[in-house]
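Protein chains: 4
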Amino acid sequence: MCTAIGYLTENFYFGRTLDNDVSYGEEVVVTPRRAPLVFRNLPAAERHYAFIGTACISDGMPLYYDAVNEKGLCAAGLNFAGNAVYAPPQAGKKNLAQFELLPCLLGSCASVRQAVAFLRGAHITNQAYNADMPPAQLHWIIADRREAVVLECTRGGMKIYPDPVGVLTNNPPFPVQMFKLGEFVGLSPREPRSTFSPRMRLRSPGRGMGAYGLPGDLSSPSRFVRAAFARENAVSGAGEAESVSQFFHMLDFVSQPRGCCAVGEKYEVTLYASCCNADTGVYYYTTYENRTPVAVDMRREDLESSRPARYPFVRTMTVVRAN
Amino acid sequence: MCTAIGYLTENFYFGRTLDNDVSYGEEVVVTPRRAPLVFRNLPAAERHYAFIGTACISDGMPLYYDAVNEKGLCAAGLNFAGNAVYAPPQAGKKNLAQFELLPCLLGSCASVRQAVAFLRGAHITNQAYNADMPPAQLHWIIADRREAVVLECTRGGMKIYPDPVGVLTNNPPFPVQMFKLGEFVGLSPREPRSTFSPRMRLRSPGRGMGAYGLPGDLSSPSRFVRAAFARENAVSGAGEAESVSQFFHMLDFVSQPRGCCAVGEKYEVTLYASCCNADTGVYYYTTYENRTPVAVDMRREDLESSRPARYPFVRTMTVVRAN
Amino acid sequence: MCTAIGYLTENFYFGRTLDNDVSYGEEVVVTPRRAPLVFRNLPAAERHYAFIGTACISDGMPLYYDAVNEKGLCAAGLNFAGNAVYAPPQAGKKNLAQFELLPCLLGSCASVRQAVAFLRGAHITNQAYNADMPPAQLHWIIADRREAVVLECTRGGMKIYPDPVGVLTNNPPFPVQMFKLGEFVGLSPREPRSTFSPRMRLRSPGRGMGAYGLPGDLSSPSRFVRAAFARENAVSGAGEAESVSQFFHMLDFVSQPRGCCAVGEKYEVTLYASCCNADTGVYYYTTYENRTPVAVDMRREDLESSRPARYPFVRTMTVVRAN
Amino acid sequence: MCTAIGYLTENFYFGRTLDNDVSYGEEVVVTPRRAPLVFRNLPAAERHYAFIGTACISDGMPLYYDAVNEKGLCAAGLNFAGNAVYAPPQAGKKNLAQFELLPCLLGSCASVRQAVAFLRGAHITNQAYNADMPPAQLHWIIADRREAVVLECTRGGMKIYPDPVGVLTNNPPFPVQMFKLGEFVGLSPREPRSTFSPRMRLRSPGRGMGAYGLPGDLSSPSRFVRAAFARENAVSGAGEAESVSQFFHMLDFVSQPRGCCAVGEKYEVTLYASCCNADTGVYYYTTYENRTPVAVDMRREDLESSRPARYPFVRTMTVVRAN
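Residue numbers (our numbering), protein chains in the order written: chain A, 1 to 323; chain B, 324 to 646; chain C, 647 to 969; chain D, 970 to 1292.
Hint data in this document are derived by calculation from the structure and do not stem from the laboratory.
Computed from a predicted model, the values in this text were never measured in an experiment.
Yeah, the Cβ is synthetic: ideal placement off N, Cα and C, and Gly gets one too.
Heads up, some of the hints might be wrong.
[Said to hold, decoys possible] Mimicking BS3-like on lysine-lysine, the simulated pairs with C-alpha atoms at most 30 Å apart in a straight line are:
1. B:K416 - B:K394
2. C:K717 - C:K739
3. A:K93 - A:K71
4. C:K740 - C:K717
5. C:K717 - A:K159
6. B:K482 - D:K1128
[Said to hold, decoys possible] Far from chain D, some chain C residues (derived; all Cβ distances over 12 Å):
7. A756
8. H769
9. N772
10. P780
11. D925
[Claimed, not checked] Derived coverage of chain D by chain A (criterion: at least 3 residues anywhere in the stretch with Cβ under 8 Å from a Cβ of chain A; other residues may be distant):
12. 1143-1154
13. 1166-1173
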């Protein structure tokens, strides 16, 4: 499954993990301003905002998992299997196929506010990308440095929720995640005060009892709580290295070591983790095999080009030899 | 605090995290065979096994936190404050100051079995390294590819426990940790079977429920359970890169992002994480700031030298630029 | 707050706890067949099924908390504050004031199936009983020996859910309760199998580890899990005494000792617990002060009467003196 | 298994639950002052303090599970299987067979202080009561209105621990129970304050979140935490009825409904629960089948008699019929 986080220091950082038992050939792709964005039901965008993110390329077209545009708008699609419901196109609406959402929003909107306005009249459809690829069941987090929202299409229709913790994982639907988060309202990074007994002081078992009660498994609700807790309480310097370092530590906090979470005969692992500086357009990622951040800088590409730039994932471990 | 783990694939790997709010200038130090090991109460060792590990240097002498010798014997000292009790030297015993334990064992023993035999008549003393440095309150894990033991000196005397999970954290004493681990006997990486009701099948909230019930905070007992679970269920290739990668993922599983665990006005973070291939003597470490493993190869040093080789920690983030 | 349970042995038993910090003068009331049932928007029922339950009497009219009719249909209203939404009467619908629901259903329906059919065209209104008594924010469990449903009116409208565990507590809405219940799918009354490690047998801390992981606080979701677990796994004889005894033990499992759950300056306690044999119409209750079941037998009343029979709660402790 | 609690209002109350899958014919037995107390290794007590409690009678001799003497000293033996170790008699010590502990202490000591003084030179032996009855593996809580202690004989020898929470259950040894209790230091009956995030207020899921985090299963450590929490936070009137009522509610909080805890093919249930007013010597008990307290008043017996008075348990449900 997956976890997405936004994090604000001096710049705004946005990224996610993708947990799965199998990889589909992810790469970092920069879509420049003149790369044509063609839609099933809407007019093509000839010139649009450039964006960078992780995608897999299918028939030459990047299908983005998460991306950030040159205005600092960020979006990621996360697994929402069993709850996501998309309908056929409806006359009189801005019909948008599920797989078109990210390029459409990032190509045309400069902020969450604009994205939300755009989505008000939109209708997410169940149109397939091609015959082999049924629509992925996803929900989305859309964020900029000011705010974050979650977009969900369920049996009850399309909903947009403000996301006060700037985090998204998978099932259940977002309102239930927030309800469950409330159960942990009393958690704190501080040593617990001794409140067990009104008449005596109980002895804590030792230092480091902060966050006691935090769930530790890898289910989606538990990762939601963990990511929210790590983000809300994160402490780091404001510079690039310190921010990126802290961001990856937060993702480590919800990452999956191989063997801890079995799905059938395989194991989910954190295939990749990403962190994009939404202000500079530098996109960092790590893979399960390679802990070292690899950086792709959107602004070092020709953003007026019409051809996406592709950087296949580096998956071999980088080691620095000291002797 | 800290977490130590041993992990066997084709080779045996041993390492640990060190969590604290302040660093003391750690570096990787190789102690070659002829570097003199001087002891307070025992004869000096003129020639001994070489070993490599993380130490801070005080008055020219490396005080090791964790180390591995050329025979593959591994040891680490972990915080045991409040429980560790050392006594003054006793006549008629092999008196060993607390800070001499690691060099003495690693210099002279080729296996856990030899270390245990050596320790049978030993007496760990409360002699201070110098006036500024009272004896650290520690307990120790000693491991090789065949077995692991834990050594604790408490009010009840010195005890050596077999450590079936090959893991050590901090308080409480090891037997209590193992008792507590038993509470989690029913955890599994697999999806839970529906056993709630004998007459109907309850619906699980979604895939990825493996390990449900695992604690997620950063207290020592919780890290013990998490490290043991990750290690017992670890799945990786047997090669060097895959083993080291898996090892650091296990350590990530017990690592502390800054902000989640407050101690007073500061925060514990995982200052460093290490992973040593006990068969080849290559020692890898990462720091909070630098995710990329830095490797020091003991066998690239002159092991017949009399001077320790020092490699101060690299603490700046390594980033690979793709464009 | 409250917990309601249905339990089937030879007969069907239905009851609930009511947890609050203050009592409103509850009593057991039998409404016989000719006691007029007057409704705000529907024609009065001159003759109807008789029913028995706990009510408080306001202006001579019993306002039922829970009741069972002579056909074995059972219903209880439970606090649903913050989620319950009732609307004004709507033309063209069977408008039913919130406080009329229990007498209306129990007076006219002989089964859950009939109740559900009746409710299909119904509309629960926000009409107040009187000026001093705004509509209580409730949701309802309706049960007979074959099935149970939950009725909720929220912002999303009126919904009827099948209730496979035959239990209801308070917030959150029923679908979220069931989702959360799924988190406990792996609980079992049996000793956990040792699945922690694929390569060794961990030692369980002792006998009696059944249900390990069951939450123990008194929040509504925790009581839901506890009540469902106790009910699904209940083992008892089929006779009256054994069934009633088991029923009260299940309610004890979700009951509140004074002091454990503070609300403001007061404490919630289990003001009363009830258990009605839906087949015989014998209604048992206990209060916080009086552990001994007090029984009122509906069929010992004149059920063709037009006047309710009232049995104010016995609240003093019954003790049997053996010497 | 079992749970014992002491509770002080105007008088001091002491009692326990006994959880098992099979009953051994318990009864309330008053041992008057002149009933001879014969010991294996010590001189018989011809006249001693009278005491009352639950016992099973074997060969005419009451073997007490829990009892209270006329001076207000209370004691109970609780299952400690796997940890209890008794040794053969030792020359030069006050040897006391395991089954003699309760009558010996209650017959001769007027306070915990006296009991502790007596025990200082004592040695608990493994002498069997008879050939069919090996020594039960127990540990003991000894309490009066001022203090409580726990007595344990393990491989490490005999230990007496002050018990600040006045509670005892079963395994693990008492120091480990207290260590584990410390994990719950931050629990409180109050609604949790919103400390999850330093920058925003998370919404709690509803009222009644006091005690959130309390374990709910029936294992010995969980019952220890639950009983301690209920006792430390108990709120009741000071009179007899209110105190006894509150006491039984605290015991309900750790009681076992049949079906929730399987041991082999059977189920543990709370066979009996007791509450003795240590100041007046009135002993109340309930059984799994009979919720109504049955009272035996020690002072209504001839305490100068030499014959124990026996009151076999009433096990049929008492119901008060209101019509």
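Hints, one by one, checked against the model:
no.: 1; hint: B:K416 - B:K394; result: holds, 26 Å
no.: 2; hint: C:K717 - C:K739; result: holds, 26 Å
no.: 3; hint: A:K93 - A:K71; result: holds, 26 Å
no.: 4; hint: C:K740 - C:K717; result: holds, 23 Å
no.: 5; hint: C:K717 - A:K159; result: violated, 44 Å
no.: 6; hint: B:K482 - D:K1128; result: holds, 20 Å
no.: 7; hint: A756; result: holds, 24 Å
no.: 8; hint: H769; result: holds, 26 Å
no.: 9; hint: N772; result: holds, 21 Å
no.: 10; hint: P780; result: holds, 18 Å
no.: 11; hint: D925; result: holds, 17 Å
no.: 12; hint: 1143-1154; result: holds (count 8)
no.: 13; hint: 1166-1173; result: holds (count 7)
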